[in-house]
Each structure stands twice: as structure tokens, then as C-alpha cells.
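Q: Read top to bottom, the protein sequences are chains W and E. For what it's worth, our numbering labels the leading residue of the first sequence as 1, then goes sequentially. For what it's worth, our numbering labels the leading residue of the second sequence as 1001, then goes sequentially.
Don't take each hint at face value.
Unchecked claim - Derived pair list, reagent style EDC-like, types lysine to aspartate or glutamate, alpha-carbon separation capped at 16 Å:
1. W/Lys-307 / W/Glu-28
2. W/Lys-255 / W/Glu-243
3. W/Lys-77 / E/Glu-1002
4. W/Lys-71 / E/Glu-1042
5. W/Lys-284 / W/Glu-18
6. E/Lys-1124 / W/Glu-18
Think of the hints as simulated: they come from the structure by calculation, not from any bench.
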Amino acid sequence: MLRDEEFLYASGRIKVLENRLLSRSVIERVLEAENTEAVLRVLSETDYAPEFEELESVYDFEKALENSMRKTLNTVKESLKDHRIVRFFTLKYDYHNLKVIAKSRILGVDAPENLSNLGDVPVDELIKLGKGEGDAAVPETMKAAFEGAMRLFEETRDPQQIDLFLDRALYEELVELTKKIGHEFLKDYLAASVDLINIKTMVRLKYMESDFRTLEKSLLPGGTIEPAFFEKYFQEPLQSLVEALSSSRYSGVVKEGLENWISTGSPAAYEKLSDDFLLGILKKGIYKPFGLETVAGYIGAKENEIKILRVLMVGKINGISEDVIRERLRDVYV
Amino acid sequence: MEITLGQVLALLGAAMAVFLPGVGSARGVGMVGEAAAGVVTEDPSKFSQTLILQALPGTQGIYGLLTGFVVMQRIGLLGGKLLPLTTYQGLLVFAACLPIAIVGLLSAISQARAAAAGVGIIAKRPEELAKGITYAAMVETYAVLSLLASILMLFGLRFS
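Pulled out of the complex, with its shape left as it was, chain E reads as follows:
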């Protein structure tokens, strides 16, 4: 089978959709983890509350992976029969991956900052955990919107 530039571009898009939000989430979860470790050093009873906040910036990585899977499925990689994509078709797939790749990376870090601030709420007023989660979860909206855009674009493309 001859490999086309279109196929390379499509896979590059899938790779970016996975690795950029993945990097963002890893950094984000790490940041909140550091702040949470600080709180738990002084007050171990706050472990479970801080853990919830730590998990929040992790979702972007999952959205990226999901988008990556959709690309693989759409271009036939999962079935073992890669479609012979033209360069322009490949570029379309690449473009469809951009929303989640970029918004995923940046929103994970922004969300981590909000969640780390939420860890501060738990340090002071553990009963207000829900508010801390809500603030951080607001950032999630934009990660979800970009996931939606990427997925709709990918399902809208026709390759035959």
C-alpha cells in the first residue's frame, strides 16, 4: 500500500489531539496535586476532598484521546484498512483536530489554577468544597465545547 500525504496529515492531527491535551492535563493534575500535598501535610483529613479537585484538570486528556480514537476510526485505521486520503482530505482531518488539541492544552492549565485555588478553600472551609469544584468546573465548559466542535467536524467529513 502506498502511503499518502493525506494519511500522514490525518494521523498527525490525531496525534496532536492526544498529546497536547494530555500534556496539559498532566501538568494540571500535577499542579493541583502539589497544592493538595501542602494542605495534607498539615491536615491529613483533607485528602479525599482535595483528590476530587485534583482529578478535574484530568478530563482534557480523556477528551483528546477520544478525539484521537474517532480520527482513527474515521480514517479506517482501527479496522486495519487505512483509507487512501488525498492531501486535502488529510488537511481537513488535521483542521478538525485543532479545537480540542489547543483548547484542551490551555484549558487544563487554567482549570488547574482554579482547582489549586479551590484547594485553598478546602484548607480554610472544608464544608465549601462544592463551591471550589464549581469554580474549577466552569473552565470545563470550554474543553467540552472544543471537543464537540472537533467531533462534529470529524463525523461530518466524507472520504469516499
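Chain W extracted, bound-state conformation:
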């Protein structure tokens, strides 16, 4: 069990850095900006200034966002002895790369250049793994996951199986990791994210009129809602799922999100509400003076901020109206 006292230095540092997270008013100003130049002007007054200044073209904004995230992760890492908390957040980038590499391999093309640099495993080593070189310096768990995914593809010839298999492997590793860290906060956060993803998967598959076997394979491990629950409600109308979850802590997300999904046919509102719900859990970190919550909350807040900026940049570059972008915007941490 990690004690709060182990996070004193990191928390002190983060309390200052929290001030530099984007506030609601900065997001509003970006939203109201007339064109991409105006967006860049607003961002040049924020913590993102150095990353955006380096850009040759605004279309490369992904690079700037990635660099800013990497800076944050490095700051947190150098403030902590135990890097497992950071790993909890970076593992998904490695698995994302793994998916891209697996798919490049089955298409017989070179891995694309835009692999994420936010993971712990060097991209070059992953590419080596993709080429089938045995000496790639990739953790055993990821090697096994990659080989398992490739084997499954050989059997089924269905590229979607790679995604499903690697997603499951990622969450299995996350569950293991949170067990090892042994802190309730991360366990609770992971369980909530898994539950919300599983609910989404079930509704999506219901719309696609899939069978329960497909759902069973798509459900992620580590949630608090049992597969038996999904099996039961998979056969029933969506409204009964909403009612069944009305006394759970997801009632707000499910009620508003799913009703919106039923009426509009788009999961956008549900996704936004899920993200806001998870951010709500992370927000414990602002009110806690020092501890794991502060650190995890800050990393999560930064990821959320990057998501917001991505929505804003894509929207602004494509000239999408303010109102449409606003609907997609997530809550902010501070």
C-alpha cells in the first residue's frame, strides 16, 4: 500500500502545475476564435506555447499535443520513485502502437510514422517485433499479447479480432497493475472506466444485432458489472437496462446518455458523459492536498485537456460551427 507521504514532493509540484491547466475561460476563447490563427494566438498565452510555436503547420497539431503530454509525463516521472502510477496511464499508448503494428503486418506494409511516443516501449522495438525479430526489447506480456492476436487472426482472418484481443490484454494488464499498486483510488477508476466501456459495447452490439457470444468476447475485464448482467439485459429492450442501472452510480450517465443515444442514434452524448463521470472521480485529486489521487488526477486531467484541444483543433480546422463543437466538449479539471 502506498502512503500519501510518498507523494509529498510530486504533489507540491503538481499543485503549482494545476494552475497551468486550461481553464473554462481559455477553452471558451479558443472556441470563439474565428480561425486557426486566432486559436494559436490564444494558445500562445498558455502552457502549450512552446509546443505550438515549433509547429510548421497547424495541421501538425497532434505533434504539439503529444509533446506537451510527454512533457507532463516526464515531469511526473522525475518527481516519483514509483513509476507504476504513470505506467497505469501510458500502457494504453503501447497497446495502441501494438494494434497499429499488428495491422500493418497483416497488410504487409511498413508501420506508419505516426506511432505514439507516449508509451514506455520504444517504437523501434515494437516495429522489430512486428517484423518478427525475436530479440525485440518488448515486455513479455506484450509479446505474448501480440502473438496471441496474430494467431487469432490466422484462425479467423478477421482484423477486428486483433483489436478485441489486444484491448482485452491491455485491460488484463491494467487490472494486474492496479492490484500490484494496491490503491483503492486507481482500482475504482479502472472499474468505472471498464463498466462504462462495457455498457457502451453492449448497446453498440445490440444496435448491430450481434449475438451474445460476440458481446462476451468484447467485454473487458476488471469492471464491477458482471457478464451475467449483460447477458440478461442483452435480450431486453434498452429502457430496461436504463432502469436496471438507475440505482447504480452510473445512473446519470446511463439515463441521459442512453436516452440521447436512442433518440439521436449517436453515442456522442454517452461518451461525453462517461468522460465527465471519470473526470469527476479524478477530481478527488484537486481536493486532496497530497497523495496518489493528486498525481493520478493531474495526469488524467492533462489527458482530458488534450482530448478537449483535439476536438477544438479538428473542429476549427474544418470550420465546424461553435455549437456543434461545444456539444462535444468535455468538462475541465480545474
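Starting from the known structure of chain W, fit chain E onto it as the hints suggest.
A: Showing chain E alone in chain W's frame:
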């Protein structure tokens, strides 16, 4: 001079009054120092404000030392002529040392937690330093009360 068990117990009391709050204060000042170092890494201008908060959990160690001195003075150690205390007299001195020894240790750590939280206030709103200090200083009350109890007991004892 023959050493009595009473003298040993009295000195043991004095030693505890010094070392337990001392350990608490060292830990406490260290804890607030870590949090303060984190803030100053990102914003060096906050050094002086955080330093005030860091000093707060240090007082328990001083109270302990003061109690230790009073014991030494009362049992004649400072004058070079140690009183021939009986076992029960020694136990009385030992008992008188307990309040500051125990409350000093624990309150220093509690105060450090409040002060480290106060460092967070400074990170966000440096103008509210006084409030952060006040919260941490509230804990001081109980260290002072236990010091008072220990000192009153020691001065109330008669050894002749």
C-alpha cells in the same frame, strides 16, 4: 554516590520528553519540506512563504527539550548534585514527562500534514498564506497544552 532506580526512571522520562517530540518534529519538518520543494521546483518565488509553514511542526521538538531541561534542573542534574530519588519519586517524574513526550510526537506529524496542505494553498493562492498558517497552528494548541501539563507537574513535585 549510589545510583537509585528512581534517578534512572527520572532520566528516562527526561530522555523520552526530548527524543519523542524530536523525532516527530524531524519527520514533520521533513514532510512539509518535501511538499515545499515540489512547489519551489515549479515556482521559486514561493520559497519564503513555504519556509514559514515548514518551521511550524518544529516547535514540538523545542517543547520536549524544554521539558527535558526542567527535569534535569528539578532532579539536580544541572547543578551537578543529583538528588537521591526513591523509585516512586522517579516514577512521578517519568509520569510528568509523558504528556509532552506522546502528544509532542503525534501532534508534530498531524501538524505537518496540515502544513503540507497549506503549502498547496500557497501554490494556488499565495495571498492566502495567513490562512494556511492558521490551520496548521491550530494543532499547536494541543502541543502547548501538553507542555503546560508536563511543566506544571514537574514544578509541583517536591523531592525533599
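Q: Give a verdict on every hint.
A: Results for each hint:
A hinted pair counts as satisfied when its Cα atoms are at most 16 Å apart, and W/Lys-307 with W/Glu-28 qualifies at roughly 15 Å. For a cut-off of 16 Å, the pair hint linking W/Lys-255 to W/Glu-243 stands: about 8 Å separates their Cα positions. Annotation: proposed proximity of W/Lys-77 to E/Glu-1002 is violated, straight-line Cα distance about 61 Å (limit 16 Å). Straight-line distance between C-alpha atoms of W/Lys-71 and E/Glu-1042 comes to about 14 Å, which keeps the hinted pair within the 16 Å bound.
Of the pairs offered as hints, the one joining W/Lys-284 and W/Glu-18 holds, with about 13 Å between alpha carbons and a cut-off of 16 Å not exceeded. Our distance criterion of 16 Å between C-alpha atoms is met by E/Lys-1124 and W/Glu-18, whose separation comes to about 8 Å.
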